[in-house]
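Each chain is listed here by its residues.
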Amino acid sequence: MAKYLLIESRDPFVAANVGHYYELASGLVKDGNEVTLFLVQNGVLPARKSTQSQPLADLAKAGVEVLADEFSLRERGITTDRMVEGVKSSPLDIVIDQLAEGRKTLWH
Amino acid sequence: MALKILSIVESAYRATLEEQDDPILWISHALKGAGADITVLLRGNAVNYAVKGQDASGLSFGDKKQTHPPNLEHDLTSFAGKGVKVFIVQDDVAERGLERTDLIDGLESSSRSKVAGMLNDYDQIWHW
Amino acid sequence: MSDKPTLTFCLMDPPYENARSTTALRLVDIAARRGYNINVFAYEGAVGLPFLAQKAHPNKVHGRDAEEEDHPLPKDWIAALTKTAADNGGKLAWINCGLCVDERGVHEALEGVTRGTPGDLLKWAESSTNTLIIGTH
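Residue numbers (the numbering used here), protein chains in the order written: chain A, 29 to 136; chain B, -15 to 112; chain C, 263 to 399.
Excised from the complex, chain A in its bound form (with noise of 0.2 Å):
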């Protein structure tokens, strides 16, 4: 199967299609693929464990790698001892490790 890292740059709080990206990710993961899904800008709003931050934690149980850019969070002042569990922040760099490796990249 194939490798995707899948770029979230938009919040579920204001834009309803973000449902339908994270259940891209879990159609993927489900067929096999290995799925980053890196979560940028606003992105990262629902990493703070709020009304709209149990999709990502599903994601993650279900297999996703689920990131968080770290200076997206910091820019919000969402701190780890916030987030919802199995989101984990990183560094920005880490799409461009994998765009190099070749993974299939979109960006939402």
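Take every hint as true, because none was put in to throw you off.
Label pairs and their calculated CB-CB ranges:
{"no.": "1", "chain 1": "A", "residue 1": "Asp86", "chain 2": "C", "residue 2": "His333", "range": "39 to 45 Å"}
{"no.": "2", "chain 1": "A", "residue 1": "Glu113", "chain 2": "B", "residue 2": "Ala(-1)", "range": "37 to 43 Å"}
{"no.": "3", "chain 1": "A", "residue 1": "Gly47", "chain 2": "B", "residue 2": "Glu92", "range": "23 to 29 Å"}
{"no.": "4", "chain 1": "A", "residue 1": "Gly47", "chain 2": "B", "residue 2": "Met102", "range": "16 to 22 Å"}
{"no.": "5", "chain 1": "C", "residue 1": "Glu365", "chain 2": "A", "residue 2": "Lys89", "range": "46 to 52 Å"}
Hints listed in this document are in silico derivations from the structure and should not be mistaken for laboratory results.
We put the CB at the ideal spot given by N, CA and C, even for glycine.
Knowing the structure of chain A, use the given hints to seat chains B and C on it.
Just chains B and C, lined up with the frame of chain A:
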């Protein structure tokens, strides 16, 4: 072998009046003309681009009239003549209160649950 | 021949309107520091990023003159990224979509920025390690 590209169009009616085109449908046509092996997938609000009877004519600003309003139906239909397949996500169609008869002919059907499987058929996914 | 990756980015956002343009340049920065070959195809509003006539201004709300404010100008960031890529053995190539430049009137661009078409994006995509499209909405 040519790169197989899936061009996913989700955002809709963003700058279509000023550009007289949807910039992503436009660039997809241009890429095909340049030799790309490209397939288009409409999802989200972009499924509305497939609706018959869209009419953006009649705009004027002072005495400056728009002479070539966007014709997105035609832009989608003309992909077929170039051998470009256009898929549409049926769940997004239904959510927007649309029936199959509201849409242009020639579209290939997909669903949210099928999109993941589709991605494996392409070398690159250009999600606009 | 370099064995370092070549990455192609397609950007759409104009400066100052969305976080996407900054994140895109952050990605280019990481790749530039690694000495990668980087291609940026600027489509739609992104052709404004290397516009030469960008000018810094003071910030009266914060009581800063122009020099103190040191307001970011994307053209300066791009010039710095071009240098960083070269200093590390790589290259940043930037093509502005020509029709997008014409309709926006942003013809004066940084030295090294060239004018092109979607065919250039395709050529780059076909010859790169990978391509990332950062669309707008």
